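Construct the complete structure from the given sequences, taking the supplied hints into account.
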Amino acid sequence: MDVIHKIGRRKTAVARAYVAPGKGNITVNKKDLASYFTTATLQYKVKQPLALTNNDGNFDITVNVYGGGITGQAEAVRLALSRAMCEVDAENRGILKPEGLLTRDPRMVERKKFGQKKARKKFQFSKR
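Residues 5 to 132 (the numbering used here) are what the sequence shown spells out, left to right.
Some hints could be false.
[As the list claims (entries may be wrong)] Below, a list of computed lysine-lysine pairs in the DSBU-like style, where the Cα atoms sit at most 30 Å apart:
# : residue 1 : residue 2
1 : Lys-125   : Lys-15
2 : Lys-49    : Lys-34
3 : Lys-131   : Lys-116
4 : Lys-51    : Lys-10
Please keep in mind that the hints were generated in silico from the structure rather than gathered at the bench.
Given the structure is predicted, the values throughout are model-derived calculations rather than measurements.
Pasting the structure below:
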């Protein structure tokens, strides 16, 4: 098996994951997983597809991620790894799909409109 390359997106974050057989090292933007995603919740989100498919220590993963915030980046990495696990073994799709890990979350920030304070908020109307 050679290197598998998959892309995951969430809000404005884009993650490119490169999955190769190895010992289970996860590198994000040339940093260790624990030093890039500092909270346990974000680390859990990233490792979720690996844990569900029992591939925790089987692959060396390198991820390039940019854009968005730290949570959006973690969820983008999760989608990329989920897609990669499906390519490793087609049976993994049946495990990941019910958990919602193969669905790209389409929610984006709504744009600000002309003549308004924000996307939905209007300027205050004064009746003088």
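Hint check results:
Between Lys-125 and Lys-15 the alpha-carbon distance is near 21 Å, which keeps this suggested pair within the 30 Å criterion. Among the hinted pairs, Lys-49 with Lys-34 is consistent with the structure: their alpha-carbon atoms are about 19 Å apart, no more than 30 Å. About 25 Å separates the Cα atoms of Lys-131 and Lys-116, which keeps this hinted pair within 30 Å; it holds. A distance of roughly 16 Å separates the Cα atoms of Lys-51 and Lys-10; the hinted pair therefore holds under the 30 Å criterion.
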